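Residue numbers (the working numbering), protein chains in the order written: chain A, 265 to 593; chain B, 265 to 593.
Note that these hints are calculated values from the structure, not bench results. Note that the coordinates shown come from a computational prediction; the quantities given were computed from them, not determined experimentally. Everything hinted at is true.
Simulated restraints on C-beta separations:
#, chain 1, residue 1, chain 2, residue 2, range
1, A, Ala374, B, Asp406, 32 to 40 Å
2, B, Glu433, A, Glu586, 53 to 61 Å
3, A, Leu525, B, Asp373, 57 to 65 Å
4, A, Val534, B, Gly336, 25 to 33 Å
5, A, Gly336, B, Arg306, 25 to 33 Å
Using N, Cα and C, we set each Cβ at its ideal position, and we do this for glycine too.
Number of protein chains: 2
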Amino acid sequence: MKEFQVVGIGNALVDILSHVEEEFLHTNGVEKGVMTLIETERAAELYDRMGPATEVSGGSGANTIAGIAALGGRTAYVGKVKDDQLGAIFTHDIRALGATYDTPRLARDAEHETGRCMVLVTPDGERSMSTYLGASEFLSPDDIDTGMMANTEWLYLEGYRFDGPDSHEAFARAIAACRAGGGHVAITLSDPFCVERHREAFRKLIREDIDLLFANEHEILSLYQTDRLETALEAARADCRTVACTVGPRGAILLRGEDTLEVPTEAKSVVDATGAGDLFAAGFLHGVVHGRDLATCGRMGCIAAGEVIGHIGARPEADLAELFHNAGL
Amino acid sequence: MKEFQVVGIGNALVDILSHVEEEFLHTNGVEKGVMTLIETERAAELYDRMGPATEVSGGSGANTIAGIAALGGRTAYVGKVKDDQLGAIFTHDIRALGATYDTPRLARDAEHETGRCMVLVTPDGERSMSTYLGASEFLSPDDIDTGMMANTEWLYLEGYRFDGPDSHEAFARAIAACRAGGGHVAITLSDPFCVERHREAFRKLIREDIDLLFANEHEILSLYQTDRLETALEAARADCRTVACTVGPRGAILLRGEDTLEVPTEAKSVVDATGAGDLFAAGFLHGVVHGRDLATCGRMGCIAAGEVIGHIGARPEADLAELFHNAGL
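Only chain A is shown next, with the shape it has when bound in the complex (with noise of 0.2 Å):
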């Protein structure tokens, strides 16, 4: 039995969320429902803008950990903080659901502070992000514990993590480890902005390294350039072995080989929609390290979205595996 059953990379950060009307977007140039990157001075003059606020751990990918850890899955993440009282804070709370988090830390004196990301909320639960990246930019090889990597069943990339000076390196380090381990590898690609901006290294890594691809229909989309979902389905079906595309309301359609399967969402309400596509990957990767079928799979992912958009943060409140087994999984 390897040690972990899913290691993590992507951007430790901790998020500031906050409830804002449409109209603070527009006055603020916030783009509404996507992740933008800012720099240190433009974090200072929005935060300044906003309201109270209510601070949380997140990143998306260890927001995927968090849950994997929460459903009792032996489980680590590699990201990066600074020695800071937000590093502390985003330390803490992913040790305490079980997870391993031993990446070192950038040290004090450091001049880039624990990366942080502001979610603004609005009325209709959509949420419009602003990250500030920090100390999680500066991942690098040197950060990747091969023997780790050698020692889990699933290595879970953040897409997101590709905008850094050193972590494509980082990336490849990890898979290349993993493999030689006999680990699978799969991906998230975050954002369709993301996307855009490392398609081809994305596209690269797809086919020749990831086994299972997690996506939305913007991002598939893009990622293909296309604007037919069915284009980027049959394309991404050609490049991996198991596609598990989220497409919002409607729930998720897997891919696997030649099957296709459509999984209907377990959301109840929209409270807060951050989080949606890292608990989905949460409760899909729980499936597939419990040697689930991919139906199972795709409603676990769903029950688990359903979860985290019925209230505020992106981290799950209640019992994943008690919902699992309330619906019979």
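For chain A, the structure is supplied; the task is to place chain B on it using the hints.
For chain B alone, kept in the frame of chain A given last:
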């Protein structure tokens, strides 16, 4: 017209909120339902054992000022943080509501960090608090802007802030300036153990300088060392012009001169009792500065308290002015 309606002085803290089972309190020696002061080492130990948490600005007096600011009041807060990330969060959140907050911060290289309060919420909605005072303990007379104190209708003192070497003197300075400017002074007793620690100082202060006393029944019983609420209330009536004593699910008892009024609670359900007393004071003071009668002040207090215990966190989420309006106030 004075520049401020209410200026509050208290411990500037960030709350670290986590749900726990009753069992956790016993295992970790946390006394239920009260506030315990803890040192750095105990804070680190307890945090290590806690589950994932949410961070929100807190501090009893600051919650009251936040409530008054949210109601559109002209208000300011005085309390000490460090120039660190939690200090920035505290500062942002109270300013974002429109309150003035300019207390000098401890320097970045100071030993003590911004204070924090670990709030453990049990399934019954009760909160048990472990407070590391940090920077907030270092509020000194030099931090009191006497011009501000002379220019407020009401000065609101948090009893908790009596736990500090220089703060009695800071309170005295603030009271003298407020009185000299023709203002009035209110205090909240904060906590029965806080009353134990400072009983004589509180009694003297109340007799000599306090126009409006906020307390709950445990605190007022401790203040007058009796187990009969009626005895304690009559003693308070003799000491102070107006007394507002919250009595948990029964609401509040209000005394002014020979008058006694009972106001029923407006709470629908208790999700998290944190901030109930703080928001009662906010609603009550809002009534006072708008010249409303005693019964209306009490109802405003109960409505504001009822809102804040209906969700996690000690600052209001709903529009309190709208709730007052809907109640015909």
